[in-house]
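Assemble chain X onto chain L, guided by the hints.
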Amino acid sequence: MTHNLILRVISKFLIPLIILFALYVQFHGDFGPGGGFQAGVIFSSSIILYALVFGLDAAEKIIPTAILRILASLGALIYASVGIASIFSGGNYLNYSVLADTPVAGQHLGILLVELGVGITVSAVMLIIFFSFVGRSRP
Amino acid sequence: MQEHISLLLVVIPLITALIVAVLPRGILPWASTLVATFICVVLASMQLWEVINGGVISYELGGWKPPWGIEYRIDTLNAFVALIVSGIAAITLPYALLSAEKEIPPHQIPLFYSAFLLCFTGLLGITQTGDIFNVFVFLEISSLSSYVLISLGSKRQALTSSYQYLIMGTLGATFFLIGVGFIYSQTGTLNMADLARILPEVTELKTIHTGFAFILIGLALKLALFPLHLWLPNAYTYAPSVITVFLSATATKVAVYVVIRILFYVMPSGFMATIPIGDFFVLLGIAGIIIMSVYAIYQSNVKRLLAYSSVAQIGYMVLGIGLASTAGVTATIIHLFNHALMKGALFMAVGAIIYRIGSCRMDNIHGLGRQMPWTFGAIVIGGLSLIGVPGTAGFISKWYLVLAAIEQSAWISVAAILTGSLLAVIYVGRLIEALYFKPATESQQNLKEAPILLLAPTWVLVFANIYFGLDTELTVGVSEQAAQALKAIVK
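Which chain is which? The protein sequence lines are L and X, in order. Its first residue numbered -10, the first sequence is counted upward by one per residue in the numbering used here. Its first residue numbered 8, the second sequence is counted upward by one per residue in the numbering used here.
So here's chain X without its partners, still in its complex pose:
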């Protein structure tokens, strides 16, 4: 079975999704989903271990030789992203039981878990595959199921925000597909390793340039790069709490992974030097960090505040990519992991507040920090990590990003990263002020702490935030190895 790990990671959630869809309502759909996600975490860790020690894994689907058949090709980078996705799914699932029960009508629960698993399949599939058309297929699987998941939110606005995401997401996927078509027309191959081999001969062609432009804009829509982020705040605000946790920690991360894969693996080395794409990413990254952090300060809904902060955090990742150096990409990969930890913890804590009072408007949460000390503690530590205080995971990623920027004397980027942190102090501060320093209303004086099933997963992520802020062997070590394996990085 050892050699089938890379495939089983995709097939196990897929088969479980099909079975869960027909299970009767009750605890069974949740339990099956839980088992499937835990198996996936174990498999993803084994896969990462194997890749770190034994090099690239290649799996031929159907026994057809690449580049004709579909190949799953795993190196350190995608093994790491697959571990992030399955790890977050496994931590989210125990949390999902109570939270989904509260927010989703009982007759839709089996289909909810089925859609969740399909989304999970799609995200894992994107990380596993070595075939660029296959990336598109899995992108659609994960997107279509996430539209469904978002539309299940309890407010009516969930439907419009899901529709908004559907339009933007479909545009993004179509652009990606057009780009793939252009590149296929000139190279005759869809296998990414094979593309990397053939592309240097045809880099001059305008068709290839156009193809990459389409692909990158399509992906920018998917990863909510400023200014193409407009679908994200609504989608995150109105989705069920569990789904906000899962999507914010995984979906955009996987899109960032695809950008790294295309820019530094598929594109020939030196290609980035001929077009100003790096500067473009740096510019949008800086604009995203500053403008979106300012937007976050003015939000009156906690989920929306965190959603804008997510767009700003994507700015950091894109900035690292734009620097186009080994250090920059390392910082991006570290931040992929760390941001999943901090936003996961924060959205889970906010979900616990919604579980108790059914709302997360700033006006309604006054003084709740005193009644719900553990939830409040999670928000404080998650917030500190978001700011980048030493001793938390957020500090590590910002530290490496600043180092990468200093290495290239990109002082404007350094200033932007530090300004972003200062702005984060303000919006996290607003949250803490509302939760702790404002008096609670009469009716909310006797509110109880959130149930243990919601608190335990939240605190697992909170401790992970502290642990990976102190022990960076896994994150930094793996990220450096992953970045060094990308051969097209020139600087």
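One chain only, chain L, in its complex shape:
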């Protein structure tokens, strides 16, 4: 592994930055370009980079596949429950306006939660796909 020194140093430096950028794209999505889907892909690419440089076993230690499956469902569940929450607040399904005191704050909260759900699901599913393809060569 020693001859991969440059790769390892550079990726250790890059991975936190990639995660930070993913979070920026995630939570700044309502003001600038971005959103849950893009953020999810960027986030999963940081883990994929880690797996490429440090090996599959090390990457699966960070996020085991069992947890990924739960996360994949959880994200979509967050999305769907925002819709249910707006029904219970007296609006139609996914009508964010009723979620907070003013419609503007409600829309803001709603889209943030929904995009968070999208982000979680997309990053989890990307990683599940990656792990299941690279894991096929293992006994």
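Since the hints were made in silico from the structure, they are not lab data. Incorrect hints may appear among the rest.
Here are a few chain L residues that face chain X, going by a calculated C-beta distance under 7 Å [claimed, not checked]:
(1) 53
(2) 56
(3) 62
(4) 65
(5) 66
(6) 69
(7) 81
(8) 82
(9) 83
(10) 84
(11) 88
Derived list of chain X stretches under chain L, where covered just means 3 residues or more per stretch with a C-beta under 8 Å from a C-beta of chain L [claimed, not checked]:
(12) 16 to 22
(13) 26 to 38
(14) 67 to 76
Just a sample of chain X residues kept apart from chain L, beta carbon distances all over 10 Å, derived [claimed, not checked]:
(15) 45
(16) 378
(17) 397
C-beta: ideal position from N, C-alpha, C; glycine also.
Relative to the frame of chain L, chain X by itself:
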């Protein structure tokens, strides 16, 4: 909660699918799926009741006004189709417990039920939505999950047949989407009610014609219209028994519903008179009925025999659409319901045979009718319904279809329908001959009847076949009301 019914029908199975995916293996995934499907049947019946008595339901998702927002728009037609889909799902589920246990590896059971619920979500979504792009999205949800479900079959051929369906299904969905794009480029709207309002002004445009051509060919692939049916026999043969029951009774039916919706609701009235699309459907319907019934006679695998018969039955539905009259469309809608009953019962009975002997080749089922009398009885009555013997549901749909054809003096269609029934006598006869009149092999002499959990749902459908053959108030009444509400039917 009353006003949210149309939405809950889609959201309840969706949320349950997400939860089921992470449940531990055991009885829990099945039980949650069962509860979700039963809730959906209750909701679908309430919705149909409400639509029959109170008129069209409109639900605005996210509170955005149509045509800008997505609208769920329920009239008698889609409420009826939604009831068919959820009813079949609820009857299939008790059957699924033992059958899936036998055919699917235990660690895949939670994901199996999750995919089943996603497919169910997609099919219900197609019926509920009033937005043509939303139809595409739900079409993809149901198709993608059905590729997964088919590939879970226990034989290796399940993978290739699922792949075959994936290619054909994706082609169909892409064609549909291209068509929607063409129409959107000329009208600027995706809401079907709004499209129906705007389209008469732009019917002359070649773009609209091309768009509809793409949409109809895409749907023809999805509903396995002869000669675009090639994916269907393999998919039905190698899928797990439960999935064959569910898909054969619902998936193609929903695609037929979309065709009716596009032709007689979205398309402006009079549009069908300017292009020979009705004759085209009649021609393919007749060809499908005759050729596919002949194919069915020569099959050596029972599931494949029934699959070819399904393509022939789709021919009847398309023939009704092609007649383009209120009577014809009524007959199609009746047959949607009745065919779900008969094919559901038949595939369930075949699934019970597979549960016992692990195969459904004609050579292996000799004499089984004597050991499994209840399963055999279900196949006989289901078969009689498929032929269209008076007193069964199949008779009702054929009767109305023949009446619709006579009304237009379409004698060739009448002859085709009757020939189709005669051919059905031959292939059902072959099945009964193998099951009852041929001697059983030594090793199969002491075979036991299928377990009650498999027989009970089968016989619910068998009794439904007889009941709806005698009491036609629900089927014919609702279908007539649904057909009359489609304003673009000219004849």
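Quick rundown of the hints versus the structure:
Taking 7 Å as the C-beta contact cut-off toward chain X, the hint placing residue 53 (chain L) at the interface is violated, the least distance being around 13 Å. With a cut of 7 Å, the hint placing residue 56 (chain L) at the interface with chain X is violated, because the nearest CB-to-CB distance is about 10 Å. At a threshold of 7 Å, the smallest CB-CB gap from residue 62 (chain L) to chain X is about 4 Å, leaving the interface hint in force. With its C-beta approaching chain X no nearer than about 5 Å, residue 65 (chain L) sits inside the 7 Å limit, and its interface hint holds.
Because the closest C-beta pair between residue 66 (chain L) and chain X is about 5 Å apart, less than 7 Å, the hint holds. Taking 7 Å as the C-beta cut-off, the interface hint given for residue 69 (chain L) holds, the closest approach to chain X being about 5 Å. Taking 7 Å as the C-beta contact cut-off toward chain X, the hint placing residue 81 (chain L) at the interface holds, the least distance being around 5 Å. Hint on residue 82 (chain L) holds. Least Cβ distance to chain X is approximately 5 Å, under the 7 Å limit.
The criterion of a C-beta within 7 Å of any C-beta in chain X is met by residue 83 (chain L), whose closest approach is roughly 4 Å, and the hint holds. For residue 84 (chain L), the shortest C-beta to C-beta distance to chain X is roughly 3 Å, which falls under 7 Å, so the interface hint holds. Below 7 Å, beta-carbon pairs count as interface contacts, and residue 88 (chain L) has none with chain X, the closest being about 11 Å; its hint is therefore violated. For a cut-off of 8 Å, the count of residues in the stretch 16 to 22 of chain X with a CB near a CB of chain L stands at 3, and the three-residue condition holds.
With 3 residues having a beta carbon nearer than 8 Å to a beta carbon of chain L, the stretch 26 to 38 of chain X meets the requirement of three or more and the stated coverage holds. With a threshold of 8 Å between beta carbons, the proposed coverage of the stretch 67 to 76 of chain X by chain L holds, since 4 of its residues qualify and at least three are required. Chain L leaves residue 45 (chain X) outside its interface by the beta-carbon criterion, the shortest separation being 19 Å against a cut-off of 10 Å. With a closest Cβ-Cβ approach of about 43 Å to chain L, residue 378 (chain X) is found to remain outside the 10 Å limit, as its non-interface label requires.
The Cβ of residue 397 (chain X) sits about 46 Å from the closest Cβ of chain L, beyond the 10 Å cut-off, so the non-interface label holds.
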